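Can you make the complete structure from the sequences, with help from the hints?
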Amino acid sequence: MRNDRGGVLGGSLREFPSPAGTPKEDHIMAKAKERPKPILLPQLCKGCGRCIEACPRGCIQMGTEIDQESGLVPVVVDRETCNACGLCITACPEPYGLNTIEYELEDPKHLFGEGVAKPVTPDQPSERIPLPKVQPMVLKGNYAAAIGAILAGCRHVFGYPITPSTEGAELMAKVLPQLDGVFLQAVSEVATVNHLYGCAGAGLPCMTFTSSPGFSLMLEGISYMIGAEVPAVFVNVMRGGPGLGNIGPEQADIKLGCRGLGHGNTHAIILAPTNPQEMLDLSMEAFRLAFEYRNPVFIFGDGYLGQMTGRVQLPETMIRPGIPGWAVYGDEAHRHNLINSIDLIEVDLEKRNEALNEKYARMQANEQRSSSFRADDAELLVIACNTPARMAKGAVERLRREGMPVGLFTPLTLWPFPIDALKPLLGHAKKVLVVEASAGQLEDELRLALSHADITGIEISHLRHMGGVLPQEGEIVDKVHEVLEVTA
Amino acid sequence: MSTETKGTAFFQHFDRHAHGKGLKGASTHYCPGCGHGLIHKYLADAITELGIQDRTIAISPVGCSVFLYYYFDVGNTQAAHGRAPAVGLGHKLANPESIVVSYQGDGDLASIGMAEIMHAAQLGIPISVIFVNNAIYGMTGGQMAPTTLPGMKSTTSPFGRGAMEGPPTKMAELIAQLEAPVYVERTALFDQRTRKATQKAIKKILQLQMEGRGFGFVEVLSECPTHLKMTPTDAEEWVKNEMTKYFPIGKLKDETRDPWFHLEKPTFDPERITKVLEASAEAPPRHCKTFPGHLDEVDVALKLAGAGGDGAQTAALLLAKSAIHEGFDATHIPSYGPESRGGTSYADVHIAKEEVLSPASPRPHVLIAFNAPSLAKFGPTVRENGIIVYDSSVVSDVPKELPKGVKVFGVPCAEIAISLGRPVVKNVVALGALQEATAILSEETLLHSIREALAGKCAMIPVNEEAFQWGVRSVREGFTHLPEAEVGK
Chain Z
0 MRNDRGGVLG
10 GSLREFPSPA
20 GTPKEDHIMA
30 KAKERPKPIL
40 LPQLCKGCGR
50 CIEACPRGCI
60 QMGTEIDQES
70 GLVPVVVDRE
80 TCNACGLCIT
90 ACPEPYGLNT
100 IEYELEDPKH
110 LFGEGVAKPV
120 TPDQPSERIP
130 LPKVQPMVLK
140 GNYAAAIGAI
150 LAGCRHVFGY
160 PITPSTEGAE
170 LMAKVLPQLD
180 GVFLQAVSEV
190 ATVNHLYGCA
200 GAGLPCMTFT
210 SSPGFSLMLE
220 GISYMIGAEV
230 PAVFVNVMRG
240 GPGLGNIGPE
250 QADIKLGCRG
260 LGHGNTHAII
270 LAPTNPQEML
280 DLSMEAFRLA
290 FEYRNPVFIF
300 GDGYLGQMTG
310 RVQLPETMIR
320 PGIPGWAVYG
330 DEAHRHNLIN
340 SIDLIEVDLE
350 KRNEALNEKY
360 ARMQANEQRS
370 SSFRADDAEL
380 LVIACNTPAR
390 MAKGAVERLR
400 REGMPVGLFT
410 PLTLWPFPID
420 ALKPLLGHAK
430 KVLVVEASAG
440 QLEDELRLAL
450 SHADITGIEI
460 SHLRHMGGVL
470 PQEGEIVDKV
480 HEVLEVTA
Chain W
0 MSTETKGTAF
10 FQHFDRHAHG
20 KGLKGASTHY
30 CPGCGHGLIH
40 KYLADAITEL
50 GIQDRTIAIS
60 PVGCSVFLYY
70 YFDVGNTQAA
80 HGRAPAVGLG
90 HKLANPESIV
100 VSYQGDGDLA
110 SIGMAEIMHA
120 AQLGIPISVI
130 FVNNAIYGMT
140 GGQMAPTTLP
150 GMKSTTSPFG
160 RGAMEGPPTK
170 MAELIAQLEA
180 PVYVERTALF
190 DQRTRKATQK
200 AIKKILQLQM
210 EGRGFGFVEV
220 LSECPTHLKM
230 TPTDAEEWVK
240 NEMTKYFPIG
250 KLKDETRDPW
260 FHLEKPTFDP
270 ERITKVLEAS
280 AEAPPRHCKT
290 FPGHLDEVDV
300 ALKLAGAGGD
310 GAQTAALLLA
320 KSAIHEGFDA
330 THIPSYGPES
340 RGGTSYADVH
350 IAKEEVLSPA
360 SPRPHVLIAF
370 NAPSLAKFGP
380 TVRENGIIVY
390 DSSVVSDVPK
400 ELPKGVKVFG
410 VPCAEIAISL
420 GRPVVKNVVA
430 LGALQEATAI
440 LSEETLLHSI
450 REALAGKCAM
460 IPVNEEAFQW
470 GVRSVREGFT
480 HLPEAEVGK
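Those sequence lines, one after another, are chains Z and W. Those letters in the first sequence? Residues 0 to 487, per numbering that gives the first Met the number 0, in order. Those letters in the second sequence? Residues 0 to 488, per numbering that gives the first Met the number 0, in order.
Derived by calculation from the structure, the hints in this document are not laboratory data. Since this is a predicted model, take the numbers as computed values, not measurements. Built from N, CA and C at the ideal position, the CB exists for glycine as well. Where hints are given, some of them may not hold.
As the list claims (entries may be wrong) - Just the calculated beta-carbon pair ranges, DEER-fashion:
1) A17/W <-> T80/Z: 47 to 57 Å
2) E169/Z <-> A282/W: 24 to 34 Å
3) E315/Z <-> R475/W: 39 to 49 Å
4) D122/Z <-> G342/W: 45 to 55 Å
5) E281/W <-> P129/Z: 12 to 22 Å
6) E169/Z <-> E400/W: 34 to 44 Å
7) E315/Z <-> P361/W: 34 to 44 Å
What follows is the structure, given as structure tokens:
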């Protein structure tokens with residue numbers, strides 16, 4: 000018997016086979032009694048028999064007939080002997096097993112129909128409001144990122160102390176209670192990312208500060224956040240590794256950010272500021288991007304950038320956040336929502352992956368960011384991000400004074416790599432010098448981007464440091480001389 | 000908006016079930032006789048009776064109850080293995096009005112999620128945790144759980160849980176001995192009495208959460224007939240006779256506590272934000288007429304070096320702030336970390352006319368050295384015709400090999416500071432000396448930044464001003480030790 004909705008159950012309850020020995024009129028009669036006797040739809044009974052033990056009058060027995068719908072043997076209730084004590088209902092593990100709910104008798108659609116269409120809750124939009132004009136502030140990079148987050152409407156920060164990122168958490172611990180926000184020191188980075196998952200799942204802007212070893216610990220949760228499409232902002236102030244390493248500045252998490260955000264097909268925008276001002280600006284921008292794409296966004300700085308103090312101008316406007324329609328906020332409007340990343344049906348999970356990858360493609364098309372310095376006529380481009388980009392800027396300025404045709408290209412997004420802006424520069428700059436504080440992780444991103452863009456014939460050399468050492472202006476100058484002189 | 004529920008917090012139709020048509024649309028995915036279904040029912044009843052369906056957020060764990068969200072018509076979030084309490088706290092803090100239920104099995108809560116549950120319980124923020132203990136891993140197929148009984152066989156303890164596996168973990172007892180939880184009970188499902196107790200306990204912890212009284216924890220001893228390889232009835236008997244020996248049922252904690260949990264709604268008032276951030280609308284006074292081009296045309300590099308506690312970082316920050324007040328660009332990079340507890344401490348400062356390009360100072364124009372090793376290490380890195388200020392109270396030997404034209408000023412920073420009764424102001428002495436030796440900014444600019452930094456400790460301003468002037472005088476008059484007549488004045 001198949002119903003017209005493709006279900007395996009009967010089209011109407013009155014056609015259901017009655018339990019053996021029980022007249023089906025009995026179901027109907029239950030309505031008339033004051034203390035209703037239990038009703039059991041046999042196809043919803045798994046025959047576990049817990050009700051048999053529970054019944055003090057022995058009204059329930061294990062059945063003998065296999066139910067045609069469930070393939071199980073349901074119990075049989077003798078409603079004549081039943082005095083409606085209800086103990087069997089308390090002992091039945093099935094939500095719609097033994098019970099006294101009567102509506103399904105009136106309208107089988109409640110149980111076996113298509114269900115109620117999922118309501119769509121509109122977004123409560125964010126608002127941009129004016130900020131009073133203030134003098135430039137003198138801020139450490141970590142503080143600047145924290146203030147950027149506050150101005151982006153973030154009032155929930157979770158974190159675990161780790162040098163050299165801790166000032167971000169410290170500022171939040173001091174400031175947020177004064178803005179009726181919350182800073183919670185988590186028990187670990189593993190817990191941190193899951194606090195974020197919950198808070199962001201409720202639709203609120205939230206963030207954390209961490210550094211490389213802590214970031215490694217967060218990767219599990221990051222994969223879940225990307226899978227469940229939950230936004231949040233992570234500031235990763237990279238330090239020397241591998242392992243415990245040291246607290247000096249390094250850029251050796253680029254690989255994790257661009258290629259290793261936990262298990263599965265994951266990607267996220269990785270922003271790479273070069274000074275305290277950009278720490279603030281990109282922190283604000285990160286929240287906008289996180290909510291626009293429903294995806295975590297990462298700000299990668301090196302240790303110096305977190306610790307460096309500089310001039311920071313606050314913006315003219317700030318954000319009062321709303322609540323997105325998809326949030327699990329814990330109120331009536333959002334009750335029907337679900338935040339999850341599990342999907343047992345392979346083809347469905349493939350579709351979900353395809354949708355995520357379309358989203359990544361949109362990010363790649365629209366969110367590449369970079370800056371350049373004296374690059375328009377350069378024959379050699381220095382490519383560097385974070386603090387090394389500043390060292391390189393100093394070097395380029397010096398080299399230009401010497402008359403060398405050198406420019407600087409600074410990716411402000413490491414993923415997506417800003418290949419669109421780089422490509423025209425490579426028309427005249429056939430030589431590239433990648434300056435970085437890692438064993439070639441930025442260079443790998445460059446090489447991959449060149450390969451995807453079918454750009455060939457570029458001579459790539461590099462200047463690298465590791466272990467907490469940053470490339471310095473002087474050695475960049477020397478390296479450029481070496482490259483240009485050797486090949487000249 | 001809300002769908003009609005007719006007295007149940009369950010969905011009327013389990014559409015989220017991948018096969019949620021027909022039979023699966025109304026029955027659970029659990030095996031016959033599984034305790035989860037009962038606990039689900041009691042939770043659903045409690046939610047309905049307390050009228051909190053709209054506010055409830057159920058956190059689905061990893062384990063057999065991963066599909067909690069198939070059934071509960073409430074806000075649902077599915078968490079990573081063991082992390083449900085951490086996710087729940089995120090929800091609770093986002094919306095304090097929400098009622099958060101963390102529903103977890105024994106592998107989830109007592110093994111992989113041990114840190115998260117202990118922390119949530121230690122915090123005591125009102126959330127409700129339902130811990131389903133059936134002594135076995137169900138979802139992955141019958142492996143040993145933290146709560147598997149001694150001698151009990153599982154697929155990963157095929158010869159029975161032995162000495163090497165340790166005894167079972169008693170979560171309710173662990174949680175109850177923490178100070179913060181307000182209610183902890185262990186219940187079961189094997190007879191009418193224990194089922195009633197479970198119903199009551201679940202309702203109780205939800206109510207305590209609604210009233211903002213604290214963290215509630217109910218451990219339910221539950222049956223897994225499939226992996227116990229028993230009939231549901233035998234499984235009930237086994238829980239009753241074997242599990243309760245190890246896990247005695249009963250209340251472990253039931254405190255009377257006043258409602259305490261309350262959070263205001265976050266503020267987004269721009270005026271309040273700029274005030275809290277200590278951002279000022281008032282422009283600081285400017286005293287410098289020009290950029291100190293006599294030191295470098297566009298960008299002056301400084302290094303301040305000493306031991307932790309010498310105040311090199313504070314002095315560096317004051318310099319950078321002063322320069323920015325004057326409209327220049329400036330940066331400060333500290334050597335950071337363990338130095339604050341007494342190691343070496345170096346600061347790189349740049350002051351630029353337009354923009355600091357490279358913020359490190361491997362070859363500074365100006366060096367302030369607070370001790371001999373710093374002077375020995377960085378003295379030779381100073382540029383030709385550069386300037387060195389060092390603390391002559393602790394440094395007796397100036398390196399002979401210094402770059403051409405470097406001017407060296409010995410200033411008794413520590414001596415002066417001690418004589419002023421405030422050893423910590425030796426960095427301010429150094430700043431005064433620096434200003435006099437280099438004319439880098441102006442005395443007034445630096446003094447303004449010093450006063451600004453001491454706004455919360457006004458009583459300290461005079462001694463700092465005095466220290467600064469002593470530094471100026473030391474360079475001007477050229478004394479490297481405090482003149483005897485001045486000591487102690």
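Status of the hints after comparison with the structure:
1. In this structure the hint that A17/W and T80/Z lie 47 to 57 Å apart at CB is violated, the actual value being about 40 Å.
2. For E169/Z and A282/W, the Cβ-Cβ distance of about 28 Å falls inside the hinted range of 24 to 34 Å, so the restraint holds.
3. For the pair E315/Z and R475/W, the supplied restraint of 39 to 49 Å holds, since their beta-carbon distance comes to about 46 Å.
4. Between D122/Z and G342/W the CB atoms are about 52 Å apart, so this pair conforms to the stated range of 45 to 55 Å.
5. Checked against the given bound of 12 to 22 Å, the beta carbons of E281/W and P129/Z, roughly 19 Å apart, stay inside it.
6. Between E169/Z and E400/W the beta carbon distance is about 43 Å. The supplied range of 34 to 44 Å therefore holds.
7. Range check, E315/Z to P361/W: about 38 Å between beta-carbon atoms, so the 34 to 44 Å window is met.
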